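The listed protein sequences derive, respectively, from chains A and B. If you're matching positions, the first sequence starts at 1 in the UniProt record's numbering and goes up one per residue. If you're matching positions, the second sequence starts at 1 in the UniProt record's numbering and goes up one per residue.
Hints were generated in silico from the structure; no laboratory data involved. Predicted model, so just to flag it, every value in this text is computed and none were measured. Careful: at least some of the hints might be erroneous.
One copy or any two copies: either way a pair holds, since identical chains are not told apart in the list.
Below, simulated DSBU-like cross-link-like pairs (lysine-lysine); rule was C-alpha separation at most 30 Å, straight line [stated by the list, open to error]: (1) Lys96 x Lys379; (2) Lys66 x Lys416; (3) Lys379 x Lys52; (4) Lys66 x Lys203; (5) Lys416 x Lys52.
2 protein chains.
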Amino acid sequence: MASRIFKRWSSSTTTTFIGKQTPSKAHLHQPIPDFAFPRGFLVSGTHVGVKKSPGPPDLALLVSSKHPTSAAAVFTANAFRAAPVTVSEDVLAQTKGRASALVVNSGCANAVTGAQGLADAWSMARAVHNQVPGLPTVSDSEPPAALVMSTGVIGQPLPLARILPGIAAARKTLGESFEHWSSAARAFMTTDTFPKLRVRTFKLGDHECRLAGISKGAGMIHPRMVPPGPLHATLLAAFATDAPVSPRALTAALTYASARSFNSISIDGDMSTNDTAALFANGAGAPGMPELQENHPEFNVFRNALTGIMQELAQLVVRDGEGATKLVTVDVQGALNYEDAHAIASRISTSALVKTALYGEDANWGRILAATGSVPLSKALDPTRVSVSLIPRDGSAPLSLLTRGEPEKVDEVRAKEILVEEDIEIRVELGLGKESAKYWTCDFSYEYVRINGDYRS
Amino acid sequence: MASRIFKRWSSSTTTTFIGKQTPSKAHLHQPIPDFAFPRGFLVSGTHVGVKKSPGPPDLALLVSSKHPTSAAAVFTANAFRAAPVTVSEDVLAQTKGRASALVVNSGCANAVTGAQGLADAWSMARAVHNQVPGLPTVSDSEPPAALVMSTGVIGQPLPLARILPGIAAARKTLGESFEHWSSAARAFMTTDTFPKLRVRTFKLGDHECRLAGISKGAGMIHPRMVPPGPLHATLLAAFATDAPVSPRALTAALTYASARSFNSISIDGDMSTNDTAALFANGAGAPGMPELQENHPEFNVFRNALTGIMQELAQLVVRDGEGATKLVTVDVQGALNYEDAHAIASRISTSALVKTALYGEDANWGRILAATGSVPLSKALDPTRVSVSLIPRDGSAPLSLLTRGEPEKVDEVRAKEILVEEDIEIRVELGLGKESAKYWTCDFSYEYVRINGDYRS
Numbered sequence: 001m002a003s004r005i006f007k008r009w010s011s012s013t014t015t016t017f018i019g020k021q022t023p024s025k026a027h028l029h030q031p032i033p034d035f036a037f038p039r040g041f042l043v044s045g046t047h048v049g050v051k052k053s054p055g056p057p058d059l060a061l062l063v064s065s066k067h068p069t070s071a072a073a074v075f076t077a078n079a080f081r082a083a084p085v086t087v088s089e090d091v092l093a094q095t096k097g098r099a100s101a102l103v104v105n106s107g108c109a110n111a112v113t114g115a116q117g118l119a120d121a122w123s124m125a126r127a128v129h130n131q132v133p134g135l136p137t138v139s140d141s142e143p144p145a146a147l148v149m150s151t152g153v154i155g156q157p158l159p160l161a162r163i164l165p166g167i168a169a170a171r172k173t174l175g176e177s178f179e180h181w182s183s184a185a186r187a188f189m190t191t192d193t194f195p196k197l198r199v200r201t202f203k204l205g206d207h208e209c210r211l212a213g214i215s216k217g218a219g220m221i222h223p224r225m226v227p228p229g230p231l232h233a234t235l236l237a238a239f240a241t242d243a244p245v246s247p248r249a250l251t252a253a254l255t256y257a258s259a260r261s262f263n264s265i266s267i268d269g270d271m272s273t274n275d276t277a278a279l280f281a282n283g284a285g286a287p288g289m290p291e292l293q294e295n296h297p298e299f300n301v302f303r304n305a306l307t308g309i310m311q312e313l314a315q316l317v318v319r320d321g322e323g324a325t326k327l328v329t330v331d332v333q334g335a336l337n338y339e340d341a342h343a344i345a346s347r348i349s350t351s352a353l354v355k356t357a358l359y360g361e362d363a364n365w366g367r368i369l370a371a372t373g374s375v376p377l378s379k380a381l382d383p384t385r386v387s388v389s390l391i392p393r394d395g396s397a398p399l400s401l402l403t404r405g406e407p408e409k410v411d412e413v414r415a416k417e418i419l420v421e422e423d424i425e426i427r428v429e430l431g432l433g434k435e436s437a438k439y440w441t442c443d444f445s446y447e448y449v450r451i452n453g454d455y456r457s
Numbered sequence: 001m002a003s004r005i006f007k008r009w010s011s012s013t014t015t016t017f018i019g020k021q022t023p024s025k026a027h028l029h030q031p032i033p034d035f036a037f038p039r040g041f042l043v044s045g046t047h048v049g050v051k052k053s054p055g056p057p058d059l060a061l062l063v064s065s066k067h068p069t070s071a072a073a074v075f076t077a078n079a080f081r082a083a084p085v086t087v088s089e090d091v092l093a094q095t096k097g098r099a100s101a102l103v104v105n106s107g108c109a110n111a112v113t114g115a116q117g118l119a120d121a122w123s124m125a126r127a128v129h130n131q132v133p134g135l136p137t138v139s140d141s142e143p144p145a146a147l148v149m150s151t152g153v154i155g156q157p158l159p160l161a162r163i164l165p166g167i168a169a170a171r172k173t174l175g176e177s178f179e180h181w182s183s184a185a186r187a188f189m190t191t192d193t194f195p196k197l198r199v200r201t202f203k204l205g206d207h208e209c210r211l212a213g214i215s216k217g218a219g220m221i222h223p224r225m226v227p228p229g230p231l232h233a234t235l236l237a238a239f240a241t242d243a244p245v246s247p248r249a250l251t252a253a254l255t256y257a258s259a260r261s262f263n264s265i266s267i268d269g270d271m272s273t274n275d276t277a278a279l280f281a282n283g284a285g286a287p288g289m290p291e292l293q294e295n296h297p298e299f300n301v302f303r304n305a306l307t308g309i310m311q312e313l314a315q316l317v318v319r320d321g322e323g324a325t326k327l328v329t330v331d332v333q334g335a336l337n338y339e340d341a342h343a344i345a346s347r348i349s350t351s352a353l354v355k356t357a358l359y360g361e362d363a364n365w366g367r368i369l370a371a372t373g374s375v376p377l378s379k380a381l382d383p384t385r386v387s388v389s390l391i392p393r394d395g396s397a398p399l400s401l402l403t404r405g406e407p408e409k410v411d412e413v414r415a416k417e418i419l420v421e422e423d424i425e426i427r428v429e430l431g432l433g434k435e436s437a438k439y440w441t442c443d444f445s446y447e448y449v450r451i452n453g454d455y456r457s
């Protein structure tokens with residue numbers, strides 16, 4: 001048996017492939033001034049031993065020091081949702097959207113772990129709750145005001161004996177500085193090559209409120225996250241703002257922003273069992289201001305800020321996709337409705353033929369068109385109205401590949417000049433209506449196959 | 001600009017990947033006795049210059065010498081269906097399912113070629129019709145009794161000036177031997193590495209009828225072909241039988257068999273603009289027997305023979321998939337209905353993570369499960385009822401990976417022993433009902449990326 005395996009892997013049956021190196025992305029994690037982070041939130045990232053020790057941070061804590069804190073989350077639509085997904089959803093239901101803390105572990109997804117996995121996730125949530133300053137401790141029968149996220153290997157039990165003491169120890173490392181937020185972002189990482197952390201500010205009346213977010217990828221990324229009800233590497237994202245927002249308005253904003261950010265990205269077309277994006281709002285940045293409701297005139301200011309930071313972090317996830325050498329924006333315009341535009345953008349973004357052509361920097365519009373035409377729509381496409389073009393990122397003129405169904409005589413030198421860039425935009429105009437959708441994807445490289453296909457060592 | 005391109009491709013920014021060699025598949029094309037081919041059909045494969053000259057056969061002819069001949073076809077559901085698809089569908093509608101010939105060219109798909117493309121496809125059909133012995137010539141206003149298929153590059157005009165004289169010349173090379181059928185099968189090929197030709201026999205009453213089929217791949221393969229009404233490399237397949245079958249029964253049998261063969265395979269998840277499977281029946285093998293109708297007791301004998309040969313040829317397409325080193329059967333059982341089972345089998349078969357794990361010969365059931373759980377179904381899955389196992393092809397005991405939602409302690413040595421084989425079967429049991437569906441897919445390799453990602457030279 002051993003000899004059979006050896007034979008298959010012997011050097012006489014191997015071939016060498018020369019691939020582009022994936023670009024280093026370390027520069028995408030830049031220092032952020034300490035004063036830019038939302039007030040009243042403490043964070044940390046520590047190594048507790050879920051991953052091999054010694055090792056990188058594998059446990060992140062996020063704690064609000066002002067209660068009650070509003071919380072909302074969207075969860076994977078996968079039928080095999082992991083224990084932390086179920087627990088976090090239950091917490092939000094039981095606390096009516098009031099949760100003050102989040103714990104995240106990387107290295108083990110606590111997915112397909114049965115009853116023990118559920119008990120473990122509840123234990124994590126309770127342990128974190130009991131470390132939050134200013135909250136009464138909870139018994140085993142009360143809902144903890146803490147959410148849980150896990151990411152990593154599926155089907156392995158959580159090493160709770162290391163996590164629970166780790167949570168207690170992590171409390172002592174909580175802080176508000178860039179270093180604290182940066183460590184927390186590192187603790188989210190699995191196959192990511194850099195931590196993903198961004199901040200922004202927005203005005204509510206006289207108050208300048210702050211918003212921070214963390215996300216991670218970098219494989220099994222094609223989220224469809226929905227609000228509670230129904231939803232490995234895995235998409236995880238967490239956001240904190242010191243604006244005052246009601247739980248209901250928080251859910252509405254998160255749902256809107258998720259659709260236009262994390263639910264519009266794909267790395268490999270695979271939906272994880274653990275995808276979760278959570279959002280906390282504690283009002284510490286606008287003392288005395290009542291909680292924003294959906295019908296408040298300034299609700300959209302908050303929603304737009306949230307959509308912006310979520311798009312930024314979603315694009316970072318794609319840019320750091322397994323084996324990715326390019327960030328590709330797919331912009332489908334002229335659809336009858338948003339759903340059609342989104343479905344076509346999603347199909348183009350998951351096409352292996354489109355993604356390998358992008359890796360090869362080849363203006364192969366035939367593959368884009370075949371993907372476009374394969375989507376069942378509410379009303380059939382009219383091939384004579386469809387146009388495809390490449391949009392240069394330097395603001396120069398678009399390069400038409402297909403115009404209203406007629407192939408253009410493509411300037412291959414110009415096409416190559418656009419496609420050699422790290423950032424690429426494909427625009428498909430359907431010519432049927434006024435709705436549009438954007439999607440972000442990456443290319444498909446040798447490195448992707450190596451990361452996911454090399455036999456586990 | 002040239003220097004920028006050079007910089008990107010200079011050796012200082014390349015990485016080397018060591019991959020398994022894709023197995024040689026030449027042995028899958030074996031001699032077939034001349035007497036095994038259906039009576040009353042003449043075929044040829046010639047080089048006419050669609051591909052570079054001198055070169056391999058790029059034009060196939062199939063002609064029935066007995067009229068009328070019943071014909072049926074299923075066509076791609078892609079909105080950007082190519083001109084030959086539209087023309088073949090129109091021919092069948094106008095002739096009410098009576099067509100005696102087929103012409104196939106490889107090297108140019110005649111897709112996204114506008115009005116000229118349509119005119120070219122009609123010209124091909126008429127030219128072929130007028131070469132069929134025993135048929136009156138058709139004028140430009142009459143429907144020709146010939147179908148057309150094209151496969152190759154999208155968006156390039158058909159070189160009709162080489163094809164039309166080629167059709168006239170090809171007539172002189174028509175014949176009934178294995179060499180003739182083999183040349184025809186070669187003329188179908190694009191990125192295929194071997195011709196795909198199979199025969200079988202079946203009994204109708206006292207008559208032993210014969211059935212032959214040709215298919216090709218090897219990329220942009222995820223067909224969903226449907227009967228007339230609404231449907232690059234491309235899936236093309238052609239079948240001929242000397243059984244007598246009515247056009248209506250022929251369509252019914254082809255639709256049934258397509259669902260269980262070509263519409264249940266995926267190489268890269270991409271649906272082509274040209275997918276077509278056609279079937280001709282001339283009755284030459286059962287003189288005096290009336291045409292089979294759907295309600296005839298022996299209709300199922302024919303339908304089963306057809307399903308068998310179509311599954312065999314569909315599997316050959318997958319086995320020859322671009323970069324494929326494995327043929328993987330995905331068998332989803334215990335579904336509430338066929339559609340649910342088929343949707344899950346399709347999702348598993350297109351998962352980049354599952355396919356790279358198969359290339360890595362890694363028993364990563366978590367990826368299979370995540371793919372299974374991501375499919376919207378008529379009724380939600382119950383994770384505690386789902387089992388996943390590997391079925392060895394040598395008849396030895398299945399290897400359970402997950403049993404009713406509980407991960408098994410997997411014998412990795414045994415798993416490797418199964419996964420190292422070229423033929424692999426994954427079984428997913430849903431535990432909800434009695435319906436099942438099979439799908440065939442291949443692994444995802446470095447070679448796949450090379451074939452589709454290397455810059456056009």
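With 30 Å as the alpha-carbon cut-off, assign the pair lysine 379 and lysine 52 to within, between, both or neither. Intra 53 Å, inter 40 Å, cutoff 30 Å: neither.
Homomeric proximity label, lysine 66 with lysine 203: Cα distance no greater than 30 Å: Classified as within; 20 Å inside a copy, 82 Å across copies.
Alpha-carbon proximity between lysine 416 and lysine 52, which holds within one copy, between copies, both or neither at 30 Å: For lysine 416 and lysine 52, only the inter-copy Cα distance (25 Å) is at most 30 Å; the intra-copy one is 44 Å.
Check lysine 96 against lysine 379 for me: Cα-Cα at most 30 Å, and say if that holds within a copy, between copies, both or neither. between (41 Å within a copy, 28 Å between copies)
Treating 30 Å as the Cα threshold, decide for lysine 66 and lysine 416: within, between, both or neither. neither (54 Å within a copy, 54 Å between copies)
When each numbered hint is compared with the structure, violations occur for hints 2 and 3.
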